[in-house]
Amino acid sequence: MQELPVCSKEEFDSVLKASVADAEERSSDATPSGGSWVSTLEQDLLRTPGCVEGTVFGQLPGRRRRLDLESAALDEGAAAAACSVGGSPAAVSPGDDSASSGRAEGAERPFTATAGTSEGGVPSVDQSDDDCESIDIEAVLAREQLEAAMRADAGDAAALREQGSTSLPGAESASSLDRSPEGGAARAPEQQAARLRSILLVGAQTFSVGYVQGMNHLAMMLLSTCDVGAAPGPSGSAAAVAEASDDAMALAFTLLRQIMGGRGLESLLAREMLQLKALLFQLDALVHDQLPRLAKVLDEADLRPAMYAGAWVLTLFASHRVLPPGAAVVVWDAFLAGGWTEAYRAVLAVLGELEPVLLAVASTAQDGDEVMEALLPVLQSPRAYLDPDSRGLWSEGVFCHRVLARACSMRLRHSHLRALASAHAGAMAKRDELDSLKARGIRGAVQARLRAARARFRRASNAVRNRRAAAAAGGAGASSASGAT
Amino acid sequence: MAAASSSVDDAYDYLFKLVLIGDSGVGKTNLLSQFARSEFNLASKATIGVEFAWKNVTIEGDVIKAQIWDTAGQERYRAITNAYYRGAVGALLVYDIAKRVTFDHVEAWLKEVREHADSKIVVMLVGNKSDLSQLRQVSTDEAQELAKREGLAFIETSALTKSGVDTTFSRILEEIHRIVKEQELDRGDDDAAAVVADGEAVVVDDDKADAKAPSGGCCK
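Chains as they are written, first to last, in full-length UniProt numbering: chain A, 1 to 485; chain B, 1 to 220.
Mixed in with the good hints there might be a few duds.
[What the hints assert, rightly or not] Pairs of lysine to any residue, SDA-like flavour, derived with a Cα cap of 20 Å: (1) K277(A) x S267(A); (2) K55(B) x S381(A); (3) K430(A) x A83(B); (4) K277(A) x H116(B); (5) K277(A) x K55(B).
I should point out that these hints are in silico values taken from the structure, not numbers from a laboratory.
Based on the sequences and whatever the hints tell you, model everything.
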């Protein structure tokens, strides 16, 4: 892995100043393409989990995917309580028990590493629940690992897996992953949005692809993780808090740059996303290898990894739709230290754990279209279908543990991945050839085929002639030899 | 997992595939979620790649299953989203009435559709966020004029208040339904109806009709 230098606070600030000026210029640019990414970025800030209070208005009550407004009000209360103590997770009070005992447990959990319960950690709301980013032991560990990974020798995937498995929560606590982030909101959403904007502006300036949607999730994930390590103690002064905040931003940017540049996420986005397509091709093949039953069902429904795994990969599970942040950081550790193989592991592990559900759902459908309609929503947002509270089969916590355990124990050979990559390149070349045939039209295609067939025939007949000549020469030699005796 | 398994549904007469296109942030995902699930999410995340929903609608006694693909709006994602135009019989081209630039891009989106989708795709221009009337930057007349010039249907909607949302989808589905019925009449055979009744996707395209015609002259 190409390791990029750590971005210092000063460097970050100076690039930020330039980026802000550039963004302002672009926003005032009246040409159609001029301001477009800036406004996209601004829009996305307001809809990145961690920067926003999710609000869902629905007319059909009772479904899991819907936010219960009453509990949302409680959420706000809890978040406000957490925010008011300023910056330090250790200072979060357990919350108002009478208001929501489940929430109180959740708030306590961050500093009880071996909290044994899985109840109450996650509110009964889906994607919109992540408004206050979380801080817990898992995240602290993860952050240390992120930093270690930065320093670590790049290609050493084995060491990484060890790291990955030490942070595997099964060993410590059943609840550390399915916890929700409401426990320790260090900052108000709008403050967090401003910091996220800074990172993304600098990123847009730095990366060749500019700002691409999905980076907001990556940056938010890093920012909330880096905040944990950088936070001063509860008695920290305002200046210390501000400095810690800047430290966290510079570190988050360093890591973002590492993921985009060092780890090559940038190249997936560049050039018509050709590399992303190659990666999805590899994944498709791996699904066929490792999960043949699921692959058969997905094939029948014409469900391609591009429809779901594209978003998993481009956000590295940071969008909160597949894995909760606590589990996603473990994947990130692995990815930073071990590279794309580790991301493949995670994707295959998620699919592997979803397989029984997907197969069960598919078996009730009547045709390929119904299978697709039933499975695609699950594949795109598995968390919406997992139960955040129970310890049962579809408990989110259990799901995460199984996913991570499976990812750690999975065997993936680099040579196999390389073979798949070259197979894809071959397939692409063939497709290009077919396309060019099509472009020349039927007549051209037929002529090209004829030419190819004639060439083959010529080669074959040459070969036959050569063989005959050789045989004749051999025969002549033999007969002359026998004649000599 | 109950939500996933509940989607197994009754039979339908036609399956129409639609795509939602337009700039990022114009409200495509919320239009779809209002139509399919009566939901609106103010903090709806940016679509990365594609999302999907479906709904059954009855038109003139025929049950129509609308399969709707919601695509990412950011330009860079077109590299992967334009694959979903294939086989689509309708496209909703959405812009934000309170954001001029999204309307300025309509022509570029039209070009994109015409390049990658079937030539006979029914396109409808949708001015979303009509609830933001005090922030309006694109007048109804202007949009209507563009729609007329390009031969598109046009409507204004608000995914927030749900005004016009159902009308949008039912109008485009009715139009497609009308075209398909006409095609069937032209062809004058019941086979076609039987085929689509089995659940095959309908393609509003003359190629298919030609291929089925007994006098198809591909061998001459």
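**Q.** Unmet hints by their number, sorted upward, for this structure
**A.** Result: hint 5 breaks, nothing else.
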